[in-house]
Amino acid sequence: MKQKILMTCSCLLFALHTFAQSVVNDKSIRYQQERMVFTQWDQNKFTPTSGFLGLNPYYWLTWGFFYPNYHKTDLRPLSASGPQTQRLSLVAAMNNTDNNYKLQSDTVRNTALAEIANQSGALSDADPLWLLYYQHQFSPVLDNSSESILSGLNPQVSAKLVAEGLYDWYKNELDRLKERIEGAHNSDMDRGARIMAYYRMLQEYRRLAGVWAIRTASAQRTITMAAQQQRLKTNQVGVPDWTPQTDIRIANKVLQHLQ
Numbered sequence: 000m001k002q003k004i005l006m007t008c009s010c011l012l013f014a015l016h017t018f019a020q021s022v023v024n025d026k027s028i029r030y031q032q033e034r035m036v037f038t039q040w041d042q043n044k045f046t047p048t049s050g051f052l053g054l055n056p057y058y059w060l061t062w063g064f065f066y067p068n069y070h071k072t073d074l075r076p077l078s079a080s081g082p083q084t085q086r087l088s089l090v091a092a093m094n095n096t097d098n099n100y101k102l103q104s105d106t107v108r109n110t111a112l113a114e115i116a117n118q119s120g121a122l123s124d125a126d127p128l129w130l131l132y133y134q135h136q137f138s139p140v141l142d143n144s145s146e147s148i149l150s151g152l153n154p155q156v157s158a159k160l161v162a163e164g165l166y167d168w169y170k171n172e173l174d175r176l177k178e179r180i181e182g183a184h185n186s187d188m189d190r191g192a193r194i195m196a197y198y199r200m201l202q203e204y205r206r207l208a209g210v211w212a213i214r215t216a217s218a219q220r221t222i223t224m225a226a227q228q229q230r231l232k233t234n235q236v237g238v239p240d241w242t243p244q245t246d247i248r249i250a251n252k253v254l255q256h257l258q
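In this text, residue positions in the sequence shown follow numbering that gives the first Met the number 0: the first is 0, and each later residue adds one.
Calculated directly from the structure, the hints in this document are not laboratory data.
The model shown is predicted, which means the values in this text are computed figures rather than measured ones.
There could be a bad hint or two in this list.
Said to hold, decoys possible - Simulated pairs of lysine to aspartate or glutamate, EDC-like, Cα-Cα distance not exceeding 20 Å:
(1) K177 / E203
(2) K232 / D246
(3) K71 / E114
(4) K232 / E203
(5) K170 / D124
(6) K44 / E33
(7) K71 / D105
(8) K71 / E33
(9) K232 / D187
(10) K170 / D187
(11) K170 / D142
(12) K177 / E163
(13) K177 / D246
(14) K177 / D97
(15) K177 / D167
(16) K44 / D25
(17) K177 / D142
Claimed, not checked - Here are the computed distance ranges between Cβ atoms for each label pair:
(18) S150 / Q118: 50 to 56 Å
(19) N251 / W168: 35 to 41 Å
(20) W59 / D25: 17 to 23 Å
(21) L141 / W168: 15 to 21 Å
(22) L60 / Y100: 37 to 43 Å
(23) L122 / T223: 19 to 25 Å
For each residue, glycine too, the CB sits at the ideal point set by N, CA and C.
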């Protein structure tokens, strides 16, 4: 029984509390809330108004005595000069400054990477001029060996060059030039200086190869002359029969070639 009485009283109190709440629709409060956030700073929405002939006492209590200049200054945060607008403008300006700094730092970074790629010896293998030209031109130097140096030569010529020390001289020159090429290729230096070093060493290699070609040709000629002399000494050279017509035929051949 007591529980029923308590439940009944609780329901009555809840019902009274529910009916006691009502929606408050104060346009002055609503205008103030809108005015402080987004709505236009409208002079006609400052309530209470002055009324007929300015005799409304609530107007004077609210605006006349306590806040006489309140409605004259736009205090909206999102107004043209409001704090929120200023903050957003400052944020946009700072973002723009940050983007400029980022762009400048990216430019410095890209420039530094380009300089590293331009000067680093570790990346010189990827140089287009090296890949397309100098690597092929220097291959006889970088890949030199006894087989590559003496290839294509007569065994007698090769033996003569080795015996006279010309092979050892040429091999040592190629090895020294190879060390210089690898040094210029792997060292950290400006790309222009590296290319000029390649150019100078290529000219040296061409002069050296020219000297080697002369020495090999001279050795071949010496061997041929020695063989002919040996044939003459042993009477192995046949002398064709000579007649007066022989000289005439030789002269005619010479004249034909001159024509």
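Hint check:
1. For the suggested pair K177 and E203, the alpha carbons sit about 11 Å apart, so the restraint of at most 20 Å is met.
2. Between K232 and D246 the CA atoms are separated by roughly 26 Å; this puts the pair beyond 20 Å, and the hint is violated.
3. At most 20 Å may separate the alpha-carbon atoms for a hinted pair to count; K71 and E114 exceed this at roughly 62 Å.
4. Proposed proximity of K232 and E203 is contradicted: the alpha carbons are some 43 Å apart, above 20 Å.
5. Proposed proximity of K170 and D124 is contradicted: the alpha carbons are some 25 Å apart, above 20 Å.
6. A hinted pair counts as satisfied when its Cα atoms are at most 20 Å apart, and K44 with E33 qualifies at roughly 10 Å.
7. Between the alpha carbons of K71 and D105 the distance comes to roughly 49 Å, so the proposed pair goes past 20 Å and is violated.
8. In summary, the hint linking K71 to E33 is supported, as the alpha carbons are separated by about 17 Å, within the 20 Å threshold.
9. Between K232 and D187 the CA atoms are separated by roughly 64 Å; this puts the pair beyond 20 Å, and the hint is violated.
10. A C-alpha spacing of about 28 Å is found between K170 and D187, which places the hinted pair above 20 Å, so the restraint is violated.
11. Our distance criterion of 20 Å between C-alpha atoms is met by K170 and D142, whose separation comes to about 11 Å.
12. Taking the CA atoms of K177 and E163, the gap is about 23 Å. The hint is violated against a cut of 20 Å.
13. Between K177 and D246 the alpha-carbon distance is near 57 Å, which puts this suggested pair outside the 20 Å criterion.
14. For the given pair, K177 sits about 51 Å from D97 by alpha-carbon distance, which is inconsistent with the 20 Å threshold.
15. Of the pairs offered as hints, the one joining K177 and D167 holds, with about 15 Å between alpha carbons and a cut-off of 20 Å not exceeded.
16. For a cut-off of 20 Å, the pair hint linking K44 to D25 stands: about 12 Å separates their Cα positions.
17. Straight-line distance between C-alpha atoms of K177 and D142 comes to about 9 Å, which keeps the hinted pair within the 20 Å bound.
18. Hint check: S150 to Q118, Cβ distance near 38 Å, so the stated range 50 to 56 Å is violated.
19. For N251 paired with W168, a C-beta distance near 49 Å fails the hint of 35 to 41 Å.
20. Separated by about 19 Å at the C-beta atoms, W59 and D25 satisfy the suggested range of 17 to 23 Å.
21. Taking the beta carbon of each, L141 and W168 are about 19 Å apart, inside 15 to 21 Å as hinted.
22. The hinted window of 37 to 43 Å between L60 and Y100 is violated, with their beta carbons roughly 55 Å apart.
23. Checked against the hint of 19 to 25 Å, the C-beta distance between L122 and T223 comes to roughly 51 Å, which is inconsistent with it.
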